[in-house]
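S.K.: Each protein sequence line maps, in turn, to chains A and B.
Numbered by numbering that gives the first Met the number 0, the letters in the first sequence go through residues 0 to 400 in order.
Numbered by numbering that gives the first Met the number 0, the letters in the second sequence go through residues 0 to 227 in order.
Derived from the structure by calculation, the hints contain no laboratory data.
For each residue, glycine too, the CB sits at the ideal point set by N, CA and C.
Among these hints, one or two may not hold up.
Said to hold, decoys possible - No farther apart than 20 Å at their CA atoms in a straight line, the calculated lysine to aspartate or glutamate pairs in the EDC-like style are these:
| id | chain 1 | residue 1 | chain 2 | residue 2 |
| --- | --- | --- | --- | --- |
| 1 | A | Lys185 | A | Asp117 |
| 2 | A | Lys5 | B | Glu62 |
| 3 | B | Lys216 | B | Asp73 |
| 4 | A | Lys185 | A | Asp114 |
| 5 | A | Lys5 | B | Asp73 |
| 6 | B | Lys216 | B | Asp199 |
| 7 | B | Lys209 | B | Asp21 |
| 8 | B | Lys120 | B | Glu145 |
| 9 | A | Lys5 | B | Glu158 |
| 10 | A | Lys5 | B | Asp67 |
| 11 | B | Lys209 | B | Asp26 |
| 12 | A | Lys185 | A | Glu212 |
| 13 | B | Lys120 | A | Asp13 |
What the hints assert, rightly or not - Computed beta-carbon distance windows for the label pairs:
| id | chain 1 | residue 1 | chain 2 | residue 2 | range |
| --- | --- | --- | --- | --- | --- |
| 14 | B | Lys216 | A | Ala10 | 27 to 35 Å |
| 15 | A | Ala63 | B | Arg114 | 57 to 65 Å |
| 16 | A | Leu277 | B | Ala170 | 52 to 60 Å |
| 17 | A | Val279 | B | Arg118 | 44 to 52 Å |
| 18 | B | Asp172 | A | Glu303 | 25 to 33 Å |
| 19 | A | Ile291 | B | Asp8 | 49 to 57 Å |
| 20 | A | Arg23 | B | Thr173 | 30 to 38 Å |
| 21 | B | Ser142 | A | Tyr351 | 21 to 29 Å |
| 22 | B | Thr57 | A | Val279 | 51 to 59 Å |
| 23 | A | Ile291 | B | Lys216 | 46 to 54 Å |
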Amino acid sequence: MNDDVKPVRLALPDVLSLGTIGLRTRRMRAVLSALGIAVGIATMVAVTAIPESNERALMNELAALGPNLLQVNAADNPEQDFGLPAESVDMVSRIGPVTSVTAVANTHTVVRRSDLTDPRDGSGLAVLASRPDLLETLESTMYSGHFLDRAGGAVPTVVLGSVAASRLGIPSVPSDAPPPQILIGKSWFAVVGILATTPLSPEIDRSVLVGWEAAQTSLGFDGRPTVIYLRARESAIESVRAVLPATVHPQEPSRVRVTLPSDALFAKRATEQTFSVLFVGLAMVALLVGGIGVANTMVISVLERRSEIGLRRALGANRGQIRIQFLTESVALSALGGGAGTAIGVAGTAVYAIANDLPVVVPALAVAGSLGGALVVGVIAGVYPSIRAARLQPTVALASA
Amino acid sequence: MTRVLSVRDASKHYPGGVTALDRVSLDIDAGELVAIVGPSGSGKSTLLSIMGTLDRPTSGTVELAGHDVAALSDRRLSALRGRWLGFVFQQFHLTDGLSAVENVSTGLLYAGVPRRERRAKAVAALERVGLGHRITHLPHQLSGGEKQRVAIARAIVNEPALLLADEPTGALDTANGRAVLDLFHRLHAEGSTIALITHDRDIAAQLPRKVEVRDGKIVSDRTGVQVR
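Only chain B is shown next, with the shape it has when bound in the complex:
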């Protein structure tokens, strides 16, 4: 198994004595589908930021694809993030005024993919999430579920080594939430490595590996039956 991400004894303290993470260690291997579950305020979002190299731990180390994140400059770390990670957020974060395919292309821009190759790849990613018919639609012309699928297409368009999803179904109704989850299962089956942060135990229960976070600590890390 190739190790994609390795978090070692990571702590995050905020000014004022708040400890969001307390010596957390977590490894993710290629091909895994991991649920990181915990109530709000448990530190799971901080953990996601640190796993996603959007934030640096106060102490401890984060290794992404064998690189010690702390040793990299902003330029190098950004390049690493652009090539190795994909993000999906609860609020989609699509750019208004840009079409679906343009939004997805943005996922290739900072990874150094030449301009002429971007559109074809973006269209392919949209087809992969079942939105081949919504390519030129603007965000306000899409439903919530469709917006999230555009956001997922943007996250996977560059074939990231790790897809980080932060409450991806949080802003969706049950049916759309289920469709998005099914999509994650399918992407996993096609070989993607995915870490999904959620407060919803039912969602977490469906995933092969479940990491429970509470009060800034990992309280359990179980690999259950592989559900396909």
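Only chain A is shown next, with the shape it has when bound in the complex:
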């Protein structure tokens, strides 16, 4: 006798099949109401995946540039003309893990394209005396021409940084014609090469490089370096960094500043590329609107399907079974939107990344979070309509047909 009234539990496949009747029989409506969720999720995936792709690209770039480059500056104001001790470069090269070291020195002279321009206007460019091994330590390459010759010719030579070249109006160095000449102070110099852009040392891009000895003879340079660049074994980079100030300037180590240019570059780029909170907010609003759309669809669905609800009650469905049917439908709608949105978001990220030559990175956490968010929205959107459906009196529901 008790078996007569033993409540029936629906198996999971039955619940899923019940919960998708509305989707299967009203496809257009299901697609449209899932669209709102899809837009929200797609935005969410894209705004997390695109910065991630950018960051990965940046990491790759930095790894290629080498994260083991250290830069040593004089700590404070350049007006004081505080050069580092002349012997400091040799001292640094004696630190064990240091693999290469070079230096430049600001000559505080003005560079001009010709003698017809204002002698005080140096176009914002610095004239640096450069040691001959600069190129190796910076792991930079020539964009055009060649680097400074050790044995200078009759006319002293210079090499331009990439920005300096464009400011001085020298796009490239002709190989079969006399080199263009520029004026530094009162002397003419022949441009024999242009450097490729050096992302880790932007100050080199904006400079005109003169040979170390040439600077001493023709520009009155005192031989004291202002910036030392060095590379060290990556595992020892922190210990090298720690001993550098005392090595470079034993008398006043506190006046020496050591930086890791890759860190600074990373921080700068990362801030430039991080999508603002606004985008995430926008995605949240889209998801919210999508959720309201689903709730709306569900409310209408319950109203339209009153007779179906009444019939199911007559066939033996209890309130809980009606509730779970409509709740499942709401979650299924959102899941549909969430799945489509993830696909759209990933596709969008891929298109953006490929167009910008970035690696495609879709963080699994963002995808999981978005899908989870869609499901939560589906549950929340379905609560009220499913409770309404379950509360319908069977007689009223059947009479409404």
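Given chain A, put chain B in place with the hints provided.
M.R.: Here is chain B on its own, set in the frame of chain A:
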């Protein structure tokens, strides 16, 4: 005779002083074919709802298969309804977008019949009502008479102890209505217990037992000649 349903002194009052049922008592035994007849507004639909446990009486008791309906929770009462009762409505209430066999299978879902057994049983029920050739048709591909036969198949698929039919021929033309009535007679002959609500005295006159309802009361309850 096994008693299937017993209604004792059931009254139904609606807010505003409307009395739809006034101390009605009615017993139905296994194997009976009962007509409940009355004009519209007589309370026969309310009586059907109470007999079908879709509604509870304001006072009085309803016993289905020996269980006092008032004492059962929604979950237990629903389970009892799913196992013991079958419903046929004037408006068929088939789910659009589901095939005939899927609609019939729904009649087994809430009775706890395992999924793998449902289809075979549903097909058998459709064959029993003469629709073995319409199994995969959708409701809009069926005629009114066929739709009602699908609905009857859904009501009998789980072998209910009592089949409740509310104006089953009300939305059908004469020929289809007759075919449906013949089907009820046949099901009765095969052993089903059926209560058929109608306003049509001609239909009621053909059934072995006739209960007349008027103004919320049973005015007559006659068992005539057993017509087969």
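S.K.: Confirm or reject each hint.
M.R.: Hints, verified against the model:
no.	hint	verdict
1	A:Lys185 x A:Asp117	13 Å, holds
2	A:Lys5 x B:Glu62	17 Å, holds
3	B:Lys216 x B:Asp73	28 Å, violated
4	A:Lys185 x A:Asp114	9 Å, holds
5	A:Lys5 x B:Asp73	11 Å, holds
6	B:Lys216 x B:Asp199	18 Å, holds
7	B:Lys209 x B:Asp21	19 Å, holds
8	B:Lys120 x B:Glu145	18 Å, holds
9	A:Lys5 x B:Glu158	18 Å, holds
10	A:Lys5 x B:Asp67	15 Å, holds
11	B:Lys209 x B:Asp26	12 Å, holds
12	A:Lys185 x A:Glu212	17 Å, holds
13	B:Lys120 x A:Asp13	17 Å, holds
14	B:Lys216 x A:Ala10: 27 to 35 Å	46 Å, violated
15	A:Ala63 x B:Arg114: 57 to 65 Å	59 Å, holds
16	A:Leu277 x B:Ala170: 52 to 60 Å	58 Å, holds
17	A:Val279 x B:Arg118: 44 to 52 Å	49 Å, holds
18	B:Asp172 x A:Glu303: 25 to 33 Å	28 Å, holds
19	A:Ile291 x B:Asp8: 49 to 57 Å	50 Å, holds
20	A:Arg23 x B:Thr173: 30 to 38 Å	36 Å, holds
21	B:Ser142 x A:Tyr351: 21 to 29 Å	57 Å, violated
22	B:Thr57 x A:Val279: 51 to 59 Å	57 Å, holds
23	A:Ile291 x B:Lys216: 46 to 54 Å	51 Å, holds
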